[in-house]
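K.L.:
Work out the full structure: start from the sequences and follow the hints.
Line by line, the protein sequences give chains A and B. Heads up: the first sequence at position 32 corresponds to 32 in the numbering used here, and the numbers run straight through without jumps. Heads up: the second sequence at position 35 corresponds to 35 in the numbering used here, and the numbers run straight through without jumps.
Some hints could be false.
Unchecked claim - Once the Cα atoms are required to be at most 20 Å apart in a straight line, the calculated SDA-like pairs of lysine to any residue come out as:
1) Lys102(A) <-> Gln41(B)
2) Lys57(B) <-> Ser97(A)
3) Lys57(B) <-> Leu21(B)
4) Lys102(A) <-> Asp56(B)
5) Lys102(A) <-> Gly72(B)
6) Lys102(A) <-> Ser73(B)
7) Lys57(B) <-> Thr76(B)
8) Lys102(A) <-> Thr113(B)
9) Lys3(A) <-> Lys57(B)
10) Lys102(A) <-> Ser62(B)
11) Lys102(A) <-> Pro61(B)
12) Lys102(A) <-> Arg81(B)
13) Lys17(B) <-> Thr113(B)
14) Lys57(B) <-> Ser99(A)
15) Lys3(A) <-> Gly42(B)
16) Lys11(B) <-> Ser42(A)
17) Lys3(A) <-> Asp56(B)
18) Lys102(A) <-> His29(B)
19) Lys102(A) <-> Phe65(B)
20) Lys102(A) <-> Ala54(B)
21) Lys102(A) <-> Lys15(B)
22) Lys15(B) <-> Pro108(B)
23) Lys11(B) <-> Glu44(A)
24) Lys102(A) <-> Asp63(B)
25) Lys102(A) <-> Val89(B)
26) Lys102(A) <-> Lys11(B)
27) Lys70(A) <-> Gln39(A)
Keep in mind that the hints were calculated from the coordinates and are not lab data. It should be emphasised that the depicted structure is a prediction, and the values quoted were computed from it without experimental measurement.
Here's the letter readout for the chains.
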Amino acid sequence: AQKITQTQPGMFVQEKEAVTLDCTYDTSDQSYGLFWYKQPSSGEMIFLIYQGSYDEQNATEGRYSLNFQKARKSANLVISASQLGDSAMYFCAMRGSDSWGKFQFGAGTQVVVTP
Amino acid sequence: GAGVSQSPSNKVTEKGKDVELRCDPISGHTALYWYRQSLGQGLEFLIYFQGNSAPDKSGLPSDRFSAERTGGSVSTLTIQRTQQEDSAVYLCASSFSGGGTDTQYFGPGTRLTVL
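P.N.:
Encoded structure:
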């Protein structure tokens, strides 16, 4: 069984500051993938970044980077230089090799960027 | 290019009625996923289709829920004898192959309200 835990229900961050969103996971799969999605108030789910369990380098996509610490089973998302448009709900998710189709999502972290 | 589309965008029904929710995946995507998102909650996996393989139905909450995918493309999620606790946003996603690094692309969702 897989489990994703996001312990921060909500965060405020000032514009242009960096913010780290926590995500820990639990799985017995040797091969798995970790994802972060953004959900603005409009409701659509937007893919941000992916990290494979065998990837040695931390994933980066523009202002998003994933701090992957495999031994600690954590996959924190770092957003650099926050913008007002970053205000949204952020979900961490994973899929494991025993069932690639079955994504497990965390409860989410609400981020509010203030001027 | 066309993304994942879902219809209807909103559905209000009376308790006990049956409803059908439709999902049109991105053309060429072989994997299709259904999720449920209750108000303020994360995504709950419902069902996963991959090509011609038997679907992974392990997330369906009861036998009132069923889904089919015709011709490897369009999918319909059916909820029979709806209950008030079925009220939620139902999200559909598709991906190219369903493999480990595969990224899901989400539709806008159907907001279901059961009175």
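K.L.:
Checking one constraint from the list: CA of Lys102(A) to CA of Ser73(B), max 20 Å. Satisfied?
P.N.:
At roughly 19 Å apart (the allowed maximum being 20 Å), Ser73(B) and Lys102(A) satisfy the hint.
K.L.:
Has the given pair, Lys3(A) with Asp56(B), been kept, meaning a C-alpha gap of at most 20 Å?
P.N.:
Since the Cα atoms of Lys3(A) and Asp56(B) sit roughly 18 Å apart, the hinted pair holds (cutoff 20 Å).
K.L.:
Does the alpha-carbon distance linking Lys102(A) and Pro61(B) stay inside the 20 Å limit?
P.N.:
14 Å, holds
K.L.:
Would you mind confirming whether the straight-line C-alpha gap from Lys3(A) to Lys57(B) stays at or under 20 Å?
P.N.:
18 Å, holds
K.L.:
Lys102(A) and Ser62(B) were given as a pair; does the straight-line alpha-carbon distance stay at or below 20 Å?
P.N.:
17 Å, holds
K.L.:
Is Lys102(A) close enough to Phe65(B), meaning Cα to Cα at most 20 Å?
P.N.:
17 Å, holds
K.L.:
Given the proposed pairing of Lys102(A) with Ala54(B), does the C-alpha separation stay at or below 20 Å?
P.N.:
Answer holds: Lys102(A) to Ala54(B) is near 14 Å, not above 20 Å.
K.L.:
Would the hint linking Lys102(A) and Lys11(B) be met if the CA-CA limit is 20 Å?
P.N.:
With a Cα-Cα distance of about 26 Å, the restraint between Lys102(A) and Lys11(B) is violated, given a limit of 20 Å.
K.L.:
Does Glu44(A) sit within 20 Å of Lys11(B), going by the straight-line distance between their CA atoms?
P.N.:
Satisfied, since the Cα-Cα distance of roughly 17 Å is no more than 20 Å.
K.L.:
Regarding the pair Lys102(A) and Gln41(B), is the alpha-carbon distance no greater than 20 Å?
P.N.:
Given that 20 Å is the threshold and the Cα spacing comes to 18 Å, the pair holds.
K.L.:
Is Lys17(B) close enough to Thr113(B), meaning Cα to Cα at most 20 Å?
P.N.:
12 Å, holds
K.L.:
Does Lys57(B) pair with Ser97(A) here, judged by a C-alpha cut-off of 20 Å?
P.N.:
17 Å, holds
In terms of the numbered hints stated before, the structure departs from hints 8, 12, 21, 22, 26, 27, listed from lowest to highest.
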